[in-house]
Amino acid sequence: MALSKRHPAALFAVLAVALGTTGAAYAAVSAQTTPKAVVLSETQVEQGKQLFLTGCSSCHGLAAQGGSDGPSLLGVGAAAVDFQVGTGRMPLAAPGVQAMPSMPSYNAEETAALAAFIATLGVGPAIPTQEMLDTSDAELALGGELFRTNCAQCHGAAGTGGALSQGRVAPNLMNSDAKYLYEAMVSGPQSMPLFSNQTLTEQDKKDIIAYVEELQKNISPGGATLGRLGPVTEGLFLFIAGLGVLIVAAVWIGAKSK
Amino acid sequence: MNELEHPTSEPYGSKEGKDLVSGITIFPMEPHVPRKSDIDPKAARRAERQVATMFATSSLMIILFVVAYVKIPNTTLITIPVIGTVNANHLATGFAFGMAILLIGIGAIHWAKKLMPDVEVTQERHALTSREEERQEVASSFQRGKAESGFAERKIIRRSLLGALALFPVPLIVLLRDLGPLPGTRLRETIWEKGMHLVTDATYRKIKASDVPLGGLINAVPENLLEIEHEEENLNQRGKASIIVVRMDPADIVSQQGENWDYQGILAFSKICTHLGCPTSLYQQRSHHLLCPCHQSTFDLSDSGNVVFGPAARRMPQLAITVDSEGYLIAQSGFDQPVGPSFWERG
Chain Z
194 MALSKRHPAA LFAVLAVALG TTGAAYAAVS AQTTPKAVVL SETQVEQGKQ LFLTGCSSCH
254 GLAAQGGSDG PSLLGVGAAA VDFQVGTGRM PLAAPGVQAM PSMPSYNAEE TAALAAFIAT
314 LGVGPAIPTQ EMLDTSDAEL ALGGELFRTN CAQCHGAAGT GGALSQGRVA PNLMNSDAKY
374 LYEAMVSGPQ SMPLFSNQTL TEQDKKDIIA YVEELQKNIS PGGATLGRLG PVTEGLFLFI
434 AGLGVLIVAA VWIGAKSK
Chain S
2 MNELEHPTSE PYGSKEGKDL VSGITIFPME PHVPRKSDID PKAARRAERQ VATMFATSSL
62 MIILFVVAYV KIPNTTLITI PVIGTVNANH LATGFAFGMA ILLIGIGAIH WAKKLMPDVE
122 VTQERHALTS REEERQEVAS SFQRGKAESG FAERKIIRRS LLGALALFPV PLIVLLRDLG
182 PLPGTRLRET IWEKGMHLVT DATYRKIKAS DVPLGGLINA VPENLLEIEH EEENLNQRGK
242 ASIIVVRMDP ADIVSQQGEN WDYQGILAFS KICTHLGCPT SLYQQRSHHL LCPCHQSTFD
302 LSDSGNVVFG PAARRMPQLA ITVDSEGYLI AQSGFDQPVG PSFWERG
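If you read the sequences in order, they're chains Z and S.
Its first residue numbered 194, the first sequence is counted upward by one per residue in the numbering used here.
Its first residue numbered 2, the second sequence is counted upward by one per residue in the numbering used here.
These are computed hints drawn from the structure, not numbers from a lab.
Any given hint could be a false lead.
Derived CB-CB ranges, DEER-like [unchecked claim]:
#1 S:R189 / Z:Q391: 30 to 36 Å
#2 S:S256 / Z:G420: 36 to 42 Å
#3 Z:Q391 / S:P251: 15 to 21 Å
#4 S:P312 / Z:E235: 54 to 60 Å
#5 S:E233 / Z:S265: 49 to 55 Å
#6 S:R136 / Z:S450: 43 to 49 Å
#7 S:G95 / Z:M293: 36 to 42 Å
#8 S:F98 / Z:E407: 27 to 33 Å
#9 S:K195 / Z:P288: 45 to 51 Å
Cβ-to-Cβ under 8 Å is the rule here; a few derived chain Z residues that face chain S [stated by the list, open to error]:
#10 Q346
#11 L357
#12 S358
#13 F388
We put the beta carbon where it would ideally sit given N, CA and C, even for glycine.
In isolation and in its complexed conformation, chain Z is listed as follows:
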C-alpha cells in the first residue's frame, strides 16, 4: 500500500527531473561535438599515442593489437575512432553487450589526436571532409530508397532506431550529425555491418545522409510520435488509453445518480 500513498504528482516530478537531466546532458554533448578540420601532424600523432597508452591500451593492447577485452584497432581508420570517441561510446563506461553513446571523455582536439594516431597504424576509412558531407547536390528520393533498402530494417523506416537480438539496439538517428552517420556507414561500429564506398558510393551515402537530415527536420503534425514505431505503439496506446477512457465513461453513464 506504500505505492498508493505517493503524491499523484510524484510520477510527473520524476519524469520532469529525468527529462531535464537528459536534455542538459544532450546540450552539453552537442555543444562539444562541432566538427573541426582534422590536420595530421607529427605532434598530433605523438599526443594521440600518449592518450592511447593512458586511456585505451588497457583493453586494446599497447600496440592496439587487441585482446580479450577489446578488438584490434589496426586498420580501423580515423573514422572509426572519431565515431566511437566523438559520440562518447568509447572509452567504454561499463562492459556490456553494446557501447552506448554518452558524454565524450575527450575534447575535439584530443579525439583528433587519437584518430590521427590510429590512422598511422593501418589503412582505414578517414574522417569525412566537409565536401563529402555537403548534401546540396544529393538526390533525396534515391536517398530514401537506399535508406529503406540498407538502413531501415534496423534503424526503422523513420530512423528512430529499433531492437536487435540479445539486448543490442540500433540507435535512433534523429539527433545524429552527418559526420557520424557517414563514419558509422564506413566503419561499421558494434553490430552494424560495413557499407564500403565501392558498393555504397560516396554519392549514395550523401543521398542517404540528405534523407536522414530530411527526416530529422520533419515535425510530427499529429503530435506525439509514440516512437514513430507505427501500429504497434499506436495500437497499444489506443487499446489502453482509448479503451480505458471508454470504460470510465461507460461506468459513469451507468452509475446511479445521488
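For chain Z, the structure is supplied; the task is to place chain S on it using the hints.
Using the frame of chain Z, we list chain S on its own:
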C-alpha cells in the same frame, strides 16, 4: 390473460421469492432513494446551471473552432510538453471541435441523470408462444395453400422446382475457381540461375568481390530484375529473389549448406524469412546473426544459416556464389530449395 403475470397483488420484485413459471429466484429491488436534486430545489438548480454551462461552453468551442481555423496560419508550430511540436492550427481546431461534441454529450447525460424523472419501472413480460387459436389459424392457412397450389398433386412442377432450387448454389461453387490456379512450380523457383550477376539493390551495380569489406553487408538482387522491372511479375520475383551478401573471416565460417558455396568468406543468403516471409536483413556483423524483425527468428550465417532462435523452422537458404573472369560476384546456380515460408505441397 397473461399466464406469466405475477400472481400476487404486490409489485413484481418487491419481495424475495421464486418466479412461479421459470422457478428463478427473484431478489427484491433496492428501496428507491431519491436523488439530491429531487428533494433539494437548490441542488436541482445547481444541476440545471451545470448542464446549461456545458451546452454554452460547447457553443463557445464552436466559435473558437471558426476563429482558430481562420486566424491561426496553418504553418504555425507550437511545442507542448510531453506531446511534442505540433501544428497550432490542427491542435486548436481539433481541440475545439472535440470539446464541442464532448460537452454536448456530457451535458445531455448529466441532464438525464440529475433532472429527468427518476422512477423504477417494471416491464411485464409475456409468453413468447402465440395463442392456440393463432397457431391453428396459421396451420390451416398453410394446409389450404398447399391444397390450392396443387404442390402435392402436380408432381412435374414440384420436381422441376426442387431441381431448380438444388442447382441454385452451383454458381457460388463454380466461382471458387477464381481462388486458383494452383501455384505450380512458382513457389519453388526464383529468377536466379547459373552465372547470373549479383547487383546492388536500388542502384543495380555489379559487385566486385574485392569491394566487399570484411563485416560488410550488401542488399542484392539478380541482374535481370531490372529488365523485368515493368512486367507484371516483377514484385513477386523481387520478393522471392532478394538476397543479402555478407563477408566474414573464412576462419569464422563453421559450416555451409554446400561445399565452396562462399567466395573467400563472401556468403549469399536469401533475404526472405523461412517463417512468414518477412525481409530479413538485420545482420549483426560481430555475431554473424541475422535477425528477422517480425518474430525475432535468428539465423547464424556463419553456421549454414541455421535457426538459433525464434519460430522459424527451416534454415535460411544459401545461394552458391563465385566470381566471373573480371572478379564480379555471380551465382553458381539457382537456389537448390524453395525460399521463403513453408507451403503445403513443399513436403
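Now for the hints, and whether the structure bears them out:
no.	hint	in the structure
1	S:R189 / Z:Q391: 30 to 36 Å	34 Å, holds
2	S:S256 / Z:G420: 36 to 42 Å	39 Å, holds
3	Z:Q391 / S:P251: 15 to 21 Å	20 Å, holds
4	S:P312 / Z:E235: 54 to 60 Å	58 Å, holds
5	S:E233 / Z:S265: 49 to 55 Å	51 Å, holds
6	S:R136 / Z:S450: 43 to 49 Å	46 Å, holds
7	S:G95 / Z:M293: 36 to 42 Å	37 Å, holds
8	S:F98 / Z:E407: 27 to 33 Å	32 Å, holds
9	S:K195 / Z:P288: 45 to 51 Å	48 Å, holds
10	Q346	5 Å, holds
11	L357	6 Å, holds
12	S358	5 Å, holds
13	F388	7 Å, holds
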